[in-house]
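S.K.: Sequence:
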Amino acid sequence: MPFPEGFRDIIRDAEQDMSYNFNQIEKKWQEYWAKNQTFKAKNNSEKPKYYVLDMFPYPSGAGLHVGHPLGYIASDIYARFKRHKGFNVLHPQGYDSFGLPAEQYAIQTGQHPAITTEANIKRYREQLDQIGFSFDWSREVRTSEPNYYRWTQWIFIQLFESWYDFEADKARPITELEKIFAAEGNSGVNAACDEDVAEFTATEWNGSSSEEKQEQLLKYRLTYLAETEVNWCPQLGTVLANDEIVNGVSERGGYPVIRKKMTQWSMRISAYAERLLQGLDKIDWTESLKESQRNWIGKSVGALVEFNIQDSEFKIPVFTTRPDTIYGVTFMTLAPEHDLVQKITTPEHKAEVDAYIEATAKRSERDRMADVKTISGVFTGAYAEHPFTKEPVPIWIGDYVLAGYGTGAVMAVPCGDQRDYDFAKHFDLPIRNIFKDVDISEEAYSGKEGTVIANSDFLNDLEYKEALNKAILELEKIGQGRGKTNYRLRDAVFSRQRYWGEPFPAYYVNGLPQMIEKEHLPLRLPEVEKYLPTETGEPPLGNASVWAWDIEKNEVVENEKIDHKTVYPLELNTMPGWAGSSWYLFRYMDAGNETEFVSEEAQKYWENVDLYIGGSEHATGHLLYSRFWTKFLYDRGMLTVDEPFKKLINQGMILGTSAFVYRLEGENKFVSKNLSEAHNVQPIHVDVSLVNASDELDIEGFKNWRPEFSDAEFITEDGKYIVGREVEKMSKSKYNVVNPDDICEDYGADTLRMYEMFLGPLEQAKPWNTAGITGVHNFLKKLWKLYHKGENFEVSEEKASAESLKSLHKTIKKVAEDIENFSFNTSVSTFMICVNELTAQKCNSREVLEPLAILIAPYAPHIAEELWEKLGHDTSVATAEYPVFEEKYLVESTKEYPISFNGKMRFTLELPMDMSKEEIEKTVLANEKTQQQLNGREPKKVIVVPGKIVNIVG
RNA sequence: GCUCGGAUGGUGGAAUUGGUAGACACGUUGGACUUAAAAUCCAAUGACCAGCAACGGUCGUGCGGGUUCAAGUCCCGCUCCGAGUACCA
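Residue 821 in our numbering is what sits at position 829 of the first sequence, and the numbering runs on without skipping anything.
In short, the hints are calculated from the structure, not lab data.
Heads up, the beta-carbon is just placed ideally off N, CA and C, and yes, glycines get one too.
Treat the hints loosely; a few may be bogus.
[As the list claims (entries may be wrong)] In silico SDA-like pairs for lysine to any residue, Cα to Cα no more than 20 Å straight-line: (1) K596 x T612; (2) K307 x A194; (3) K940 x M897; (4) K862 x A347; (5) K695 x A670; (6) K921 x L903; (7) K773 x D679.
[Unchecked claim] Between beta-carbon pairs, the in silico distance windows are: (8) E350 x D431: 38 to 44 Å; (9) M254 x N461: 40 to 46 Å; (10) E221 x T766: 16 to 22 Å; (11) A353 x V189: 24 to 30 Å; (12) N666 x E221: 54 to 60 Å; (13) N182 x G53: 27 to 33 Å; (14) Q756 x Q29: 32 to 38 Å; (15) E221 x D431: 40 to 46 Å; (16) P40 x G475: 44 to 50 Å; (17) T871 x Q756: 45 to 51 Å; (18) D420 x Y397: 23 to 29 Å.
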């Protein structure tokens, strides 16, 4: 806090004198709510349901800072508002409690992650309780609890036992696929599967061994094992995501990273690409968020074209969005990793090609992407054959073609694609212009609409769209292509080489995965000595000595017992962070259920989340994966909805206001901000708690802050040391963290809640500045005073004045509208205006003050409860009915008309509301001030908008 | 590069369908109360000009145009900032 030592006590002493004792009131009501389970939701009710959810937090060791509760406060206001409006509200909270920091801490200290996590959760809960949220804690979930993750494992098994049928356009049980294979083989099956699936007949299928069948089925399952190329860091013993690698070395530790093929579990999310895309149209999310998901899914419609290779049995399939430009093809480019490269390269080019492949392999994918300007590539010596002209097309390899997208090969049309154009220019390859009346001497032409094709045989004079369709048709005729839709969305790797995550419910029989039977779940995390990878490079679970599955006892047994007859090794990887968070919304509906992940009854009642609030950083991760799992569970009849979140709002980040002191270069001397420009200084972050609201540094506090500053000297301005300020992300290392506990202690939770809302629009990023909080705090004190005379509670039973009723109803209307529009900042202003007006009116009538207490309750629930109780109620204000807005109190008989001249407002004139247009014009023109303004000029035109404005032109 | 946001006083931010720009707060200044401070209350507060004062005037919502009786708001063209994403064929 930006206050010197002892300051806080002074504030509190002063508060004791006042009757608004927020510390006492808030504690009282928090206990009341907990004791009476005020916010416990019932799974059946006469009332309509409403489900308000926050993205649950990862309980980190640092605790909450004031930025974290922002979204929770907003959702809490909404949840409380909905309760007043007569809804049965589900508003739960829990913890995403598997994760890296606890594991990292375990590696360093040996402390079991479960213990760290438990302690962190306890701290989180204390902090959350202090803010007065209306969570139904009886439904709390923790992803790291066996009772929770047994269902995560169960869903994994469901995915394993399913395949995706594109004909029915949904997931189906794998047993049905087996039946199809047995009856008719796989040629008639249109399923999401691996690319290397060979065709087989029913006879072949029935004749194959059970192991061979399992192997085939794995290629169809919605979760499957596959060789994936990953960024492997041997020193860290784990796979790294692209953003964990900087300049080819690991971000953490700076160790080398290599690209390595590993067998990993993957999720066949690509099967759902089209439905994930289409589903966006029926949910109420921000356009930017939907756009992120659309980009991520990356649908592109085009064609698959097959090029024959001269003197070779191989063919090169390419994906293109512009089959209309097929006559512009002058060469082809393959990704260096492309399987065919080795097979088609001619002996005289082999050395060059190998050298190029080796050079590109050393560069990480990220390096390759970052460096777009350097053009590189080599010729393979091989030629493909143009499907129509049969002309030879040289085949090159180049790293601008990505192995992971499309087929890893492109037909290069330099006249129509800038990358192909640059490549052609660089290597002096021919460029063939196939666009009518288009100049391509400087750059490629990528326009579509209105483009007419030329030099293209049967496509000549056709317009883009016609040419495109015609080209596909002709390709189909010669059997060398077809229309195809391609998606950027890749299957998601689901294995992590970590300890602190859900174990896979899988063991291996002859290298083939088998699922543990559902009734034996959960498969609990084993104890390990060390949380690091094993010496042989196995994941941390490789350290466990009791980690084998006995299929007779159906339990985990010692590794020594592995005999591959009844005891088999268990999977050593764990699931990624997004496993538990992909379905938690459904668990809240029925958190204690021991026999199902959620009962049909509970899910049918609550359906899905009506309002979801959380950060935008989850746009393409969590929010895509949970949509995928929801659709899957829906397909398999386990849910009645196929979207998890109807409406979603991203809260903006609350930024910190860092403070800086300026140290003279090489000295332990600090110069005040406004004098610092004259010196050569180095800015140093200083803890914001050492600075007051006027940016003055507590010099003594600063000296005590860190030993190296104990004998620091200062160059001050008028005896004050002024710090510099800068808005940055709130973080410990920047010493700008403000803790909600301190705010609650100094000003109360109600003040914190309202101030967080008052800062600005919910979705916008905004800096925190504790200095402004007094405005909101004063408001609550003024509110309190309305209900009190001196120390004593006192409201009058007399009829309220028309004026006061007008103030009240104006507020009811505006606040209710604001909440529905999630414009919480403006409703705080509205409350301030209302209380200012009522104070001026000396209103203390129950008729007004009672509804006002309900109006304020979602925002400042503690003070509202206290006032409500004092008003004589013996039930919580949380269940009181929301006041009904009545237009009649707002009806005005007169209007203060702004009278403007040439659009500029000069004065106002009070006129009756029912005055006609003509009369208004007459009265205004007759007015002395009007004549003064006109100064003898004749008005050219008079605009009168009744109830709004008068404008005189002239 | 592309996509999506945004730009309003010293600060955070208001402004339904175009209709009194700057609500509400913070901060600042002055005053009351006090031995003093805190707290509380009152007043002023976009910039500039004029004046003893009252009444005024000019300019003002990132920049340049436009539509309109009237533009922060609508249209066209820019500048800057933020976020996401990227050799996607």
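S.K.: Confirm or reject each hint.
M.R.: Hint-by-hint comparison with the structure:
1. K596 x T612: Outside the cut-off at roughly 27 Å; violated.
2. K307 x A194: Violated, because 28 Å separates the two Cα atoms, which is more than 20 Å.
3. K940 x M897: OK: K940 and M897 at ~12 Å, within 20 Å.
4. K862 x A347: violated (84 Å)
5. K695 x A670: violated (24 Å)
6. K921 x L903: Holds, at about 15 Å.
7. K773 x D679: Violated: K773 and D679 sit about 30 Å apart, past 20 Å.
8. E350 x D431: 38 to 44 Å: Holds - the Cβ-Cβ distance for E350 and D431, about 40 Å, lies within 38 to 44 Å.
9. M254 x N461: 40 to 46 Å: At 43 Å between Cβs, range holds.
10. E221 x T766: 16 to 22 Å: violated (58 Å)
11. A353 x V189: 24 to 30 Å: For A353 and V189 the Cβ distance comes to about 28 Å; the hint holds.
12. N666 x E221: 54 to 60 Å: holds (57 Å)
13. N182 x G53: 27 to 33 Å: Cβ of N182 to Cβ of G53: about 50 Å, so the range 27 to 33 Å is violated.
14. Q756 x Q29: 32 to 38 Å: holds (36 Å)
15. E221 x D431: 40 to 46 Å: holds (42 Å)
16. P40 x G475: 44 to 50 Å: holds (46 Å)
17. T871 x Q756: 45 to 51 Å: violated (33 Å)
18. D420 x Y397: 23 to 29 Å: This hint holds: roughly 27 Å between Cβ atoms.
Checked against the numbered hints given earlier, the structure breaks hints 1, 2, 4, 5, 7, 10, 13 and 17 and satisfies all the rest.
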